Amino acid sequence: MVARLSFNKILFIMLLLLISVPISAQDEDKPVKVTTDLVTLTLTVTDQYGRYVSGLKKNAFTVYDEGQEQEITFFADADAPVSIGILFDISGSMSGEKIQRARKALERFMNISHPMDEYFLIAFNSRAQLLLDRTRDSEALLRKLTLVRPKENTALYDAVYLGIERVTRGAHQRKAILIISDGQDNSSRYSFKEVRNLLKETDVTIYSVGIMDNNDSRDPIGLQGQAFLDELSSVSGGKSFYPQTSVEMDEIFERIAVELRNQYSIGYIPKNFQPDGRWRKVKVKVKPPKGMSRLIVRTREGYYATPTIKYK
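Following the numbering used here, the numbering of the sequence shown begins with -11 at its first residue and continues without gaps.
None of these hints come from the bench; they were simulated from the model.
Since this is a predicted model, take the numbers as computed values, not measurements.
Careful: at least some of the hints might be erroneous.
[Stated by the list, open to error] Here are the simulated BS3-like cross-link-like pairs (lysine-lysine), alpha carbons at most 25 Å apart as the crow flies: (1) Lys278 x Lys46; (2) Lys259 x Lys45; (3) Lys46 x Lys92; (4) Lys269 x Lys45; (5) Lys275 x Lys46; (6) Lys45 x Lys278; (7) Lys92 x Lys278; (8) Lys259 x Lys269; (9) Lys259 x Lys46; (10) Lys259 x Lys92; (11) Lys92 x Lys132; (12) Lys271 x Lys45; (13) Lys227 x Lys259; (14) Lys181 x Lys269; (15) Lys227 x Lys188; (16) Lys278 x Lys139; (17) Lys227 x Lys269; (18) Lys269 x Lys188; (19) Lys227 x Lys181; (20) Lys227 x Lys86; (21) Lys139 x Lys86; (22) Lys227 x Lys275.
[Stated by the list, open to error] Simulated restraints, written as ranges between beta carbons of each label pair: (23) His160 x Pro276: 25 to 33 Å; (24) Gln36 x Arg115: 39 to 47 Å; (25) Lys132 x Ser281: 41 to 49 Å; (26) Lys273 x Ala68: 22 to 30 Å.
We treat Cβ as the ideally placed atom computed from N, Cα and C, and that holds for glycine.
Work out the full structure: start from the sequences and follow the hints.
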């Protein structure tokens, strides 16, 4: 009788273990909210001529949160890999020379980027599609883009929303998104406000390359698209560019790749932090080394005081 009970008990435990496996797998990609006070910032430092400045020490930086000076508890300036979301516009407005120039410049970007960078590829026209998820194979990504044909409308806002959600799941501490588009949106479910609010909840840096021609720059819709790209880049501490020639485009993609390899990461625990959901403004100042002129620092404008969303 004892032996039978023991066997039944063992069988019951084994069944529980088997049942628990698919449940865990189903929950693997669900966001888990954890309460943490640590705020992380990605910084880009340049001189007055736009040249990147590396080699600065932690004591060169001062962080203010809601106007109050903070103690920097984490600092890194290594050439570390980045999780990068590539958002590539394949709508009808990108047909012809536009998309060819963009593909060529993106290849140059990947040749200069960190060899351990992780990529996500989202192509978008009337809807946003995740074509490639979590890969270091830049050639596979470029091959995907050779198969697409520009057509239909532009769901740019949806693509950016999806891009932010995906890149925050990336393996690397630093996250960035590269938007390649003419900036015109006419097919999204999400609004500009929803995209902007989601971005402000993260430490994702956005770089925008507006592939526009002379007609786009004068058209009201084109101007609206440019304002959207400018706003996202500014809020996140990134930058937007509008090349006029293929040479300019190559130079811009190269510049973005170099910038991603010359950034600083800092972290601090805000004084008197309360997870009340309020927007808290952040300002970072940098003191130039002796003999060097004024330096310029770019980072995100602030954060919402809410529990950080992390992904398994």
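Q. Within 25 Å, alpha carbon to alpha carbon, are Lys259 and Lys269?
A. Holds - the C-alpha atoms of Lys269 and Lys259 are around 13 Å apart, at most 25 Å.
Q | Satisfaction of hint between Lys86 and Lys139, Cα-Cα up to 25 Å | A | Holds. Lys139 to Lys86 sits at ~13 Å (cutoff 25 Å).
Q: With a cut-off of 25 Å on the C-alpha distance, tell me whether Lys227 and Lys181 pass.
A: holds, 19 Å
Q | Distance restraint between Lys227 and Lys259, which requires alpha-carbon spacing of 25 Å or less | A | violated, 30 Å
Q | Proposed proximity, Lys275 with Lys227 (alpha carbon, max 25 Å) | A | holds, 22 Å
Q: Assess, step by step, whether the Cα of Lys278 is no farther than 25 Å from the Cα of Lys139, and give holds or violated.
A: violated, 55 Å
Q) Has the given pair, Lys271 with Lys45, been kept, meaning a C-alpha gap of at most 25 Å? A) holds, 18 Å
Q: Check the following: the C-beta atoms of Lys132 and Ser281 are separated by a distance inside 41 to 49 Å.
A: Check passed, 44 Å falls within 41 to 49 Å.
(Q) For Lys259 and Lys46, compute the direct alpha-carbon distance and say whether it is at most 25 Å. (A) holds, 19 Å
Q | Distance restraint between Lys278 and Lys46, which requires alpha-carbon spacing of 25 Å or less | A | Roughly 15 Å separates the two Cα atoms, so the pair holds.
Q. Taking only the CA atoms, is the gap from Lys92 to Lys278 under or equal to 25 Å?
A. violated, 41 Å
Q | Proposed proximity, Lys92 with Lys259 (alpha carbon, max 25 Å) | A | violated, 47 Å
The structure fails to meet hints 3, 7, 10, 13, 16 from the earlier list, while all remaining hints are met.
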